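Novice: What follows is each chain in one-letter form.
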Amino acid sequence: MTTWRPDPSFYPSPRMAAKAPKETIAYVAAFDPDRQRPDAIAVIDVDPASASYSQIVGQVDMPNVGDELHHFGWNACSSCLCPNAPHPHVERRYLVVPGLRSSRLHIVDTKPDPRNPRIVRVIGPSEIADRANYSRLHTIHCGPEGIYVNALADRDGNAPGGIFLLDHDSFDVLGQWEMDRGPQRLAYDFWWHLGHDTMITSEWGTPDTFENGLVPEVLLGSNYGRKLHFWDLHKRKHLQEIDFGEEHQLVFELRPAHDPTKAYGFVGCVISLKDLSASIWTWYRDGDQWAAKKVIEIPAEPADPDLLPPVLKDFKAVAPLVTDIDLSMDDRFLYVSCWGTGDMIQYDVSDPLAPKETGRIRIGGIVSRATHPKAANGALNGGPQMVEISRDGKRIYFTNSLYGAIDPQFYPDGIDGWMVKLDAGDNGGISFDENFFVDWPKGHRPHQVRLEGGDCSSDSYCYP
Amino acid sequence: MTDFWPWISLAGLGAFHGANPAMGWLFAVALGLHRQSVRVVWLSLVPIAIGHAASIAMVLIMLAAFGAVVDLRNLQFVTALAILGVAGYLGFYGHRHRVRVGMRTGMTGLALWSFLVATSHGAGLMLVPAVLNLCLADHAGIVGMTNSLPVSLAAISVHTVAMLAVTAAVALIVFGWLGLQALRSAWINFDRLWTIALGATGLILLIG
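Those protein sequence lines, which keep their order, are chains Y and X.
So in the working numbering, spot 439 of the first sequence is number 439, and the numbers just go up one at a time.
Going from the second sequence to the working numbering is simple: count from 1 and add 1000.
For the record, the hints were derived by calculation from the structure and aren't laboratory data.
All figures in this text were calculated on a predicted structure; none of them were measured in a lab.
Positions of the beta carbon are idealized from the N, C-alpha and C atoms, including for glycine.
Among these hints, one or two may not hold up.
Stated by the list, open to error - Computed, partial: chain Y to chain X, Cβ under 10 Å:
no. : residue
1   : T3
2   : S13
3   : N84
4   : A85
5   : H89
6   : R93
All chains, please: the whole structure from these sequences, using the hints.
Specialist: Here you go:
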C-alpha cells in the first residue's frame, strides 16, 4: 500500500540525510555457528537517554535453523526519490533478511512495533532458484528497479554468482538482473554510482571454497576473488573488470562516494599473499574508463607463533584482515575494520587518493585480546568486523564475528559475541562510548548492524 | 462557446502533469544539479515537453483513425473502458515505471523517458474525452481526420504549453530557491490522485 507523502526517512541528498534524527534502535543479524537453534534479528536500544541503553530489547527468530544470517537491508530507501525511477510513496518498513547458507529470504516487518519485528513472508531457496537460478544470498540494496539481492552461486552452488531483483511491494522474485555478464564469475559485494549509471561488483569464491572455512590451497593459489567489475546499471551489461593481481586476495566490501556527482569509491582487500598485509583501494573515473589504485596498506604485525592460530603460525605474524569498511555520509571519513589485529582505524579520505589516518582504537584481536571499559571479561576475542555509521557520522557501531566456518580458523578458542559503539569527533578522532557494550548472549554471534531510518551503507542518492 | 470547458480541462491536465515530479521537472532539476547549471535545467525542459507531447499525439492520432470508421457512441464507450482499464491496472499494480534511462542520459534519452512515462500513465487517454467534445461541437457524430486534426493539434498544444509552463516554473523555483527539501513534504502521491482521476473520468464517460 502506498502512502500520501514520501517516507520521512527518505532524503534527496546525503547532505540532508546527515541531518536526520538520531537513531534510537539498531537491528543486528545474529547467527548460531553450530546451526542448532534459529538465527535471529536482534533489536538493540541505542538511545543514550533510555534506561535500556546498550541492551537487546527485542528479537525475531527465523523459522528454520542453519540460515547463517549475514547481511540484510531495507525494502526501500532514499533512491526512491530518484527522478528516473521515482516511487517515493513506498514505506521503508521491511527488512529483507537473507540466509547466506540456506538461500532463504525472510521479509521482516518493523512497522507495527519496531522493537518487536515480525516475519511476514519467507521466500524459499527453490523459488529463488527457479526464478533467478541463484543461491547463497549475500547483500541487499534497494535501488532504481526494486530490491537488488546478490548471490554467491548459481542454484547448484557453482559459479557464476550474481544479482537478482525483488519487487519492493510484493517481494516477488522478478528474475536475474544481468543481461550480459561478460567475464564475471565470482560475486561478493555490489553497489553503485547512481549519478554515473554504474554498478560495481566484487568477488569472493564459490560455496565449496568458503562454506567449510577458507581453503589454504585456494588462497595460496590466488584463486579467491581479486577483481572489480563495472557494469552499466540500466543496460545491465558488464563494461570492464580490474584485476588486482595474484598477490591480492578477497577483494570485498565496496563503498562508493555518497555524493552522486563523485565518481570514486573504496574497496577493502583482506589479504596480500606477499606479506599478509591488508589494503584499501580507490576506484575512480579515468577518462572514459575506470581505474583503481592502492591507497592504504596496513602491514601485518610480528607475533609469537605460540599465540597464533595454526593458519598463521608459520608466518609468525598476525594479519590485519580488513573484512569491512564504511564511508561516512559526507564522504570524509573511512572506517576500516582489522578483524585480525583488533584495530578500528579512521582515515580522512577528503582526498580519496591520499587518505590520512585520523583515529584508531583496538579491541579484541588474535593476539592482543584488548578489552573494553565496560566488558566484564578482561580479554576479548573476535575483532572489529561489520561496521555501521550513523547518518550524522557521529556514532560508529560494530560487531566481532565474520562467518561461522571462518571464525575458528582465526579464533580457535571460539568467539564470544560483542557489539560496541564509538564516538567520532567533528574533525576526526574516535573513542569508545564507555557505556555501550553489548555482551552478546551465548549461542549467537552478532554480524551486520542496520540502524533505524537508515545508515551509511543503506541508502543511495540521486542529488548532490 | 460551449467548448470552453474542454480547453480548461486540457490545460488543467497539462498543469497537473507539469506539477508531478515524476513527469519531468525533477529530472530537469537533477540534471541541473549534476552539471551545476541552470542552463541545463532550461534545456532539459525541451525534450521532456517533446516526449510528453509525442505520447499524447500518438493517442490522439489513434483516436482520429478510429473515429473515421467507428460510430461516436462506440468510440466513447471504448475510450471509457480503456481509461478504466488503465486506472484498474495502475490501482492494482501501482505505477512501476522501470524505465531504463540513466542519470547520464542525453536529450534524446530524456525525450524517450518522458514519452514512456507519459504513455505508461495513460496521459493521452485522459485527453480523449475533451477532444471528442471539441470535435462534436462543430461536426455532430463524426470524428474524422479532416475535422479532428486541427482540434487535436490545438489540444496537444494547449496541454503541452500548460504542462511546460508549470514544469518550468516548478523546476526553476526548486532549483533556484526552494531546494530539494521540498521533495520530502510537497511530493504528494500524484500517482494515486491520477489513478483516482482516471477512474472517475472513465466512469463519467461510461455513464454519460
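Novice: So, for every hint listed, does it hold in this structure?
Specialist: Each hint tested on the structure:
With a cut of 10 Å, the hint placing Y/T3 at the interface with chain X holds, because the nearest CB-to-CB distance is about 7 Å. Interface hint status for Y/S13: upheld, as the beta-carbon distance to the closest one in chain X is roughly 6 Å, under 10 Å. For Y/N84, the shortest C-beta to C-beta distance to chain X is roughly 5 Å, which falls under 10 Å, so the interface hint holds. Among the interface hints, the one on Y/A85 holds; its C-beta lies about 7 Å from the nearest C-beta in chain X, closer than the 10 Å criterion.
Hint on Y/H89 holds. Least Cβ distance to chain X is approximately 5 Å, under the 10 Å limit. Of the supplied interface hints, the one on Y/R93 is violated, with its beta-carbon coming no nearer than about 16 Å to a beta-carbon of chain X, more than 10 Å.
The structure does not agree with numbered hint 6 stated previously, though it agrees with all others.
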